[in-house]
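Listed here are the chains, written in short residue letters.
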Amino acid sequence: MNQFTFAARQKTVLIGFMVLGLLCLGITFMTDDQFHTRFWTNYLHNSVFFTGIAFMALFIISAFTTAWGGWFVNMKRVWEAFSSFMIPGLLLMLLVVIGLWGHFHHLYHWSDADEVAKDSIMAGKAGFLNKNWYTFGTIIIMGIWIFFYQRIRTLSLAEDREGKGIADGYRHHKLIRIWTAAFLPIAGFSSAAIIWQWVMSLDAHWYSTLFAWYTGASWFVAAMALTIMLLIYLKGQGYFQSLTADHFHDLGKFLFGFSIFWTYLWFSQFMLIWYANVGEETVYFQERMQNYPVLFYANLALNFILPFFLLMRNDNKRKYGPMFMASLFVFFGHWLDFFLMIKPGARHTAMEAMHHADGAHAGEAAHHAVEFAMGFTIPGLLEIGTMLGFLAGFLYVVLNTLTKAPLSPANDPYIGEATHHHVWPYID
Amino acid sequence: MSASVSPIRNPLVTGNKSYHDITEDICSPTERTPTPAWVLTFILAVAGLALYVFCVGWTIYVGIGSWNLNRTIGWGWDITNFVWWVGIGHAGTLISAILLLFRQKWRTGVNRAAEAMTIFAVMCAGQFPLIHMGRLWLGFFIFPYPNTRGPLWVNFNSPLLWDVFAITTYFTVSLLFWYTGLVPDFATVRDRAKGVRRRLYNFLSFGWTGSAKHWQRWESLSLILAGLATPLVLSVHTIVSFDFATSVIPGWHTTIFPPYFVAGAIFSGFAMVQTLMLITRKVLNLQDYITLEHIESMNKVILATGTIVGVAYLTELFIAWYSGYIYEQFAFYNRVLGPYYWSYIGMMSCNVLSPQIFWWRKLRRNVMVTFVMSIFVNIGMWFERFVIIATTLARDYLPSSWSYYTPTWVEIGLFIGTLGLFGTLFMLFTRLAPVVAIAEIKSILKDGGDQYVGPEVARKKAAETTEAH
Numbered sequence: 000m001n002q003f004t005f006a007a008r009q010k011t012v013l014i015g016f017m018v019l020g021l022l023c024l025g026i027t028f029m030t031d032d033q034f035h036t037r038f039w040t041n042y043l044h045n046s047v048f049f050t051g052i053a054f055m056a057l058f059i060i061s062a063f064t065t066a067w068g069g070w071f072v073n074m075k076r077v078w079e080a081f082s083s084f085m086i087p088g089l090l091l092m093l094l095v096v097i098g099l100w101g102h103f104h105h106l107y108h109w110s111d112a113d114e115v116a117k118d119s120i121m122a123g124k125a126g127f128l129n130k131n132w133y134t135f136g137t138i139i140i141m142g143i144w145i146f147f148y149q150r151i152r153t154l155s156l157a158e159d160r161e162g163k164g165i166a167d168g169y170r171h172h173k174l175i176r177i178w179t180a181a182f183l184p185i186a187g188f189s190s191a192a193i194i195w196q197w198v199m200s201l202d203a204h205w206y207s208t209l210f211a212w213y214t215g216a217s218w219f220v221a222a223m224a225l226t227i228m229l230l231i232y233l234k235g236q237g238y239f240q241s242l243t244a245d246h247f248h249d250l251g252k253f254l255f256g257f258s259i260f261w262t263y264l265w266f267s268q269f270m271l272i273w274y275a276n277v278g279e280e281t282v283y284f285q286e287r288m289q290n291y292p293v294l295f296y297a298n299l300a301l302n303f304i305l306p307f308f309l310l311m312r313n314d315n316k317r318k319y320g321p322m323f324m325a326s327l328f329v330f331f332g333h334w335l336d337f338f339l340m341i342k343p344g345a346r347h348t349a350m351e352a353m354h355h356a357d358g359a360h361a362g363e364a365a366h367h368a369v370e371f372a373m374g375f376t377i378p379g380l381l382e383i384g385t386m387l388g389f390l391a392g393f394l395y396v397v398l399n400t401l402t403k404a405p406l407s408p409a410n411d412p413y414i415g416e417a418t419h420h421h422v423w424p425y426i427d
Numbered sequence: 000m001s002a003s004v005s006p007i008r009n010p011l012v013t014g015n016k017s018y019h020d021i022t023e024d025i026c027s028p029t030e031r032t033p034t035p036a037w038v039l040t041f042i043l044a045v046a047g048l049a050l051y052v053f054c055v056g057w058t059i060y061v062g063i064g065s066w067n068l069n070r071t072i073g074w075g076w077d078i079t080n081f082v083w084w085v086g087i088g089h090a091g092t093l094i095s096a097i098l099l100l101f102r103q104k105w106r107t108g109v110n111r112a113a114e115a116m117t118i119f120a121v122m123c124a125g126q127f128p129l130i131h132m133g134r135l136w137l138g139f140f141i142f143p144y145p146n147t148r149g150p151l152w153v154n155f156n157s158p159l160l161w162d163v164f165a166i167t168t169y170f171t172v173s174l175l176f177w178y179t180g181l182v183p184d185f186a187t188v189r190d191r192a193k194g195v196r197r198r199l200y201n202f203l204s205f206g207w208t209g210s211a212k213h214w215q216r217w218e219s220l221s222l223i224l225a226g227l228a229t230p231l232v233l234s235v236h237t238i239v240s241f242d243f244a245t246s247v248i249p250g251w252h253t254t255i256f257p258p259y260f261v262a263g264a265i266f267s268g269f270a271m272v273q274t275l276m277l278i279t280r281k282v283l284n285l286q287d288y289i290t291l292e293h294i295e296s297m298n299k300v301i302l303a304t305g306t307i308v309g310v311a312y313l314t315e316l317f318i319a320w321y322s323g324y325i326y327e328q329f330a331f332y333n334r335v336l337g338p339y340y341w342s343y344i345g346m347m348s349c350n351v352l353s354p355q356i357f358w359w360r361k362l363r364r365n366v367m368v369t370f371v372m373s374i375f376v377n378i379g380m381w382f383e384r385f386v387i388i389a390t391t392l393a394r395d396y397l398p399s400s401w402s403y404y405t406p407t408w409v410e411i412g413l414f415i416g417t418l419g420l421f422g423t424l425f426m427l428f429t430r431l432a433p434v435v436a437i438a439e440i441k442s443i444l445k446d447g448g449d450q451y452v453g454p455e456v457a458r459k460k461a462a463e464t465t466e467a468h
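Going down the list, the sequences are from chains A and B.
Just so you know, numbering that gives the first Met the number 0 puts 204 at position 205 of the first sequence, and the rest follows in order with no gaps.
Just so you know, numbering that gives the first Met the number 0 puts 332 at position 333 of the second sequence, and the rest follows in order with no gaps.
Keep in mind the hints are simulated off the structure, nothing from the lab.
Heads up, a few of these hints could be off.
Said to hold, decoys possible - Straight-line distance between alpha carbons at most 20 Å, and here's what the computed EDC-like set of lysine to aspartate or glutamate pairs gives:
(1) K104/B x E327/B
(2) K460/B x E416/A
(3) K163/A x D395/B
(4) K163/A x E23/B
(5) K403/A x E416/A
(6) K16/B x E455/B
(7) K173/A x E455/B
(8) K104/B x D167/A
(9) K104/B x D111/A
(10) K459/B x D245/A
(11) K163/A x E455/B
(12) K124/A x E327/B
(13) K445/B x E30/B
(14) K130/A x D111/A
(15) K173/A x E295/B
(16) K173/A x E292/B
(17) K460/B x D118/A
(18) K234/A x D249/A
(19) K234/A x D314/A
To be verified - Listed next, the stretches of chain A that the computed footprint assigns to chain B, with coverage defined by at least 3 CB atoms under 8 Å from CB atoms of chain B:
(20) 151–163
(21) 198–208
(22) 408–420
As the list claims (entries may be wrong) - Here are some of the chain A residues that sit facing chain B, going by a computed Cβ distance under 7 Å:
(23) G69
(24) A116
(25) I185
(26) S189
(27) W265
(28) Q268
(29) G278
(30) V282
All residues carry an ideal CB built from backbone N, CA and C; glycine is no exception.
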């Protein structure tokens, strides 16, 4: 089965989950505080998370292609399909932008002109943290990403139709190689800029040079985990029969290796800030360790300890059960990681804004800021429902893109290597 | 028999080699009398080593006062050299371990020499903290063991001590990894040797017979050591970066330091491999094993890591502004426009701008350009450490204690001297051991030999099939 058909039942299930997601967002909106903080943080959280996964898929294709990787090409359609979510991702982020201009939300402390006027630190950052940059950064950077996606995807499909292999010197592939190589430095610079805007500026006073790489690694691992789960499902449906245990083994190595890499970055950031003990920096972790202890430690348990032990053994990487389990933990774990990056700062901003809105209850608001709150200090059912809705939307786009091309890129120069891929010492 | 190889991959072994040719080509440099070029280079290297010994002697006899360090700038050329050498010591294990894990076949041409380079570079790096102590004979104080020195006990909270453990562990694993690879090759040399040489290589090869069981264990051990070495490669330079980043000095205390130091180390390590291999392949006539394909691959890594380092430099600059923290802002202002502006220019132009020429395939495959670039990168990476260390220290919190630092002849002599030490060891290595891993080259011959794979072969095959139809 080289052609994917999007079954009616799959569509129904996914639409069902999307409706659930919308319902959860609706309920959150209705039952929220006056700034709809829970609604907007949930919305931002999932938009950033899934858009980032789509971006990372394109980054993965680019990195592997530039490194002359051969083993992955019979699954590259899945990553192409992942990246197609950048277009809806841009629309999702545009709603945050509209909210910024229309003052529909209080996600970003720096978007409040009165606050910035009183605050010398934020005033100093106003050259970067302002609505114009946020808007144009989002549109231009994501526009560039989408442009590269379109180029690479178009060439990849053209190769399928018109490629003549060695006779035309793998013309299409060579062009893809140029586009993917050019994308790498662009992705490196632009992802950092956009992560500072979307995520780091939620804690407007705080800064860390490592933050962009840390967030990028989180996206990368989440993208790998989702790839593994989707491929296991699709293989179970009879697609991608050329993918063997050897391919999953290598995907498992990436999941394992980059989980450790993510932990390395987590540790580097945390340890250096903890060690130097500078108040302006430690406040970030102080807030999270004091008010979000469960998530803070769960983050490490799910994203490091579990995949580390589950994926350590070679044969576990070759079995669907352990691989699916590990991917599930890690995927949810990185979703929590983003929860932890986004909620505390945004909540703090909202609390201060409320404090100003009704000065009489200032003490009360400040009190609430450190108290346990469903949806803030821990994800509630509404957050889970919202996440499932976004995930269903993501998968809907991905599966829909998959229908548009043969699953196996027949004229790719590496298709032979990918079909006969073996991981030493397994020769089954 | 060979695995499927894509027709667009270029061959990694050229010259239509047979297994026997490989043995002949790689073993023979250890069997011939040294060429005049080798003797001349060796004399030069030993002269450098002599300079080193002299300068160390001078430092110990006169004291650290013979260096130009002062109370503001407590680290100068010494620690710059230390970090520079440790950085160079990275590519060896990276090529071997990480590229082995990634199954990159081109590693086989350069892994042996790169690993040797690692070991020698780490040895050079290790000199500097020791001589910096001034009282070299008390160097053993760095080891924590039960003693009668009372409160004179190592400080486990200090990254300087972590360095001791990180670097010794790294050195040990790298040495084991290197030696494991050498065992089958020493056996090959042994089988061809006579007399004392035969006895020597017999001892060095641990009684290797080449049985299936030996190979199986050898493969497993290589993989395990590669798995251990990979986190070690990262840990060593991470901890070196902690030497700076755990402090509260603006310009040093920044969270991006660990991964960016690692990227920079890989960058400079590959540059050093290029410098050495471009000469070695020519002198020992190994162009068929270290092909333009290998050189191009390494240039790509240099371009990639150089750009990563560039992202990090700009991130640091940007976040310094973004932080709103005036001391941080000043540290970076001073870095770019302060009295040491020239070293910042040197760093930026050599590390970030100049590698960008490798976007052009023609230049990636040009041996002369590659050689010049590899020297550039080495200079640039030396400047990077100088920028981080001296520039930052020269302008500290108290303007009254601001200072400027230029090295004395002793410090310069020590640096040139370590180049001599490094050169001596490397020259000896090229005489005593096969500089290219014989067994590993043989393992890729069927997937990488130019008589089996490559666009030419593919085109010929395609033509044959069309004819048959």
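Hint by hint, here is what the structure shows:
1. The straight-line distance between the Cα atoms of K104/B and E327/B is roughly 45 Å, outside the 20 Å bound, and the hint therefore fails.
2. The straight-line distance between the Cα atoms of K460/B and E416/A is roughly 17 Å, inside the 20 Å bound, and the hint therefore holds.
3. Among the hinted pairs, K163/A with D395/B is inconsistent with the structure: their alpha-carbon atoms are about 64 Å apart, more than 20 Å.
4. With a C-alpha separation of about 41 Å, the suggested pair K163/A and E23/B falls outside the 20 Å cut-off, and the hint is violated.
5. Between K403/A and E416/A, the direct Cα distance comes to roughly 24 Å. Violation of the 20 Å bound is thereby established for this hinted pair.
6. Taking the CA atoms of K16/B and E455/B, the gap is about 16 Å. The hint holds against a cut of 20 Å.
7. A distance of roughly 17 Å separates the Cα atoms of K173/A and E455/B; the hinted pair therefore holds under the 20 Å criterion.
8. Among the hinted pairs, K104/B with D167/A is inconsistent with the structure: their alpha-carbon atoms are about 26 Å apart, more than 20 Å.
9. Between the alpha carbons of K104/B and D111/A the distance comes to roughly 56 Å, so the proposed pair goes past 20 Å and is violated.
10. Between K459/B and D245/A the CA atoms are separated by roughly 31 Å; this puts the pair beyond 20 Å, and the hint is violated.
11. Note on K163/A and E455/B: the hinted pairing holds, with a Cα-Cα distance of about 16 Å set against a maximum of 20 Å.
12. Annotation: proposed proximity of K124/A to E327/B holds, straight-line Cα distance about 14 Å (limit 20 Å).
13. Taking the CA atoms of K445/B and E30/B, the gap is near 27 Å; set against the 20 Å cutoff, the hint is violated.
14. Proximity of K130/A to D111/A is assessed by CA-CA distance (about 10 Å); at most 20 Å being required, the pair is judged to hold.
15. A distance of roughly 16 Å separates the Cα atoms of K173/A and E295/B; the hinted pair therefore holds under the 20 Å criterion.
16. Between K173/A and E292/B, the direct Cα distance comes to roughly 17 Å. Compliance with the 20 Å bound is thereby established for this hinted pair.
17. Proposed proximity of K460/B and D118/A is contradicted: the alpha carbons are some 72 Å apart, above 20 Å.
18. Distance check on the hinted pair: K234/A and D249/A sit about 16 Å apart at the alpha-carbon level, within 20 Å; holds.
19. Taking the CA atoms of K234/A and D314/A, the gap is near 19 Å; set against the 20 Å cutoff, the hint holds.
20. For the segment 151–163 of chain A, the assignment as covered by chain B is violated, since 0 residues bring a beta-carbon within under 8 Å of that chain's beta-carbons and 3 are needed.
21. Counting residues of the segment 198–208 of chain A whose CB falls under 8 Å from any CB of chain B gives 4; the rule of at least 3 is met.
22. Figure legend: the segment 408–420 of chain A, annotated as covered by chain B; annotation consistent (6 residues with Cβ-Cβ distances under 8 Å, at least 3 required).
23. For G69/A, the interface hint holds, since its Cβ comes within 7 Å of a Cβ in chain B; the closest pair sits about 6 Å apart.
24. Because the smallest distance between the Cβ of A116/A and any Cβ of chain B comes to about 15 Å, over 7 Å, the interface hint for this residue is violated.
25. With a least beta-carbon distance of about 10 Å to chain B, the hint placing I185/A at the interface is violated under the 7 Å criterion.
26. Because the closest C-beta pair between S189/A and chain B is about 10 Å apart, greater than 7 Å, the hint is violated.
27. Hint on W265/A is violated. Least Cβ distance to chain B is approximately 11 Å, over the 7 Å limit.
28. For Q268/A, the interface hint holds, since its Cβ comes within 7 Å of a Cβ in chain B; the closest pair sits about 5 Å apart.
29. Taken as an interface hint, G278/A does not check out: its beta carbon lies about 11 Å from the nearest beta carbon of chain B, beyond 7 Å.
30. Taking 7 Å as the C-beta cut-off, the interface hint given for V282/A is violated, the closest approach to chain B being about 13 Å.
Checked against the numbered hints given earlier, the structure breaks hints 1, 3, 4, 5, 8, 9, 10, 13, 17, 20, 24, 25, 26, 27, 29, 30 and satisfies all the rest.
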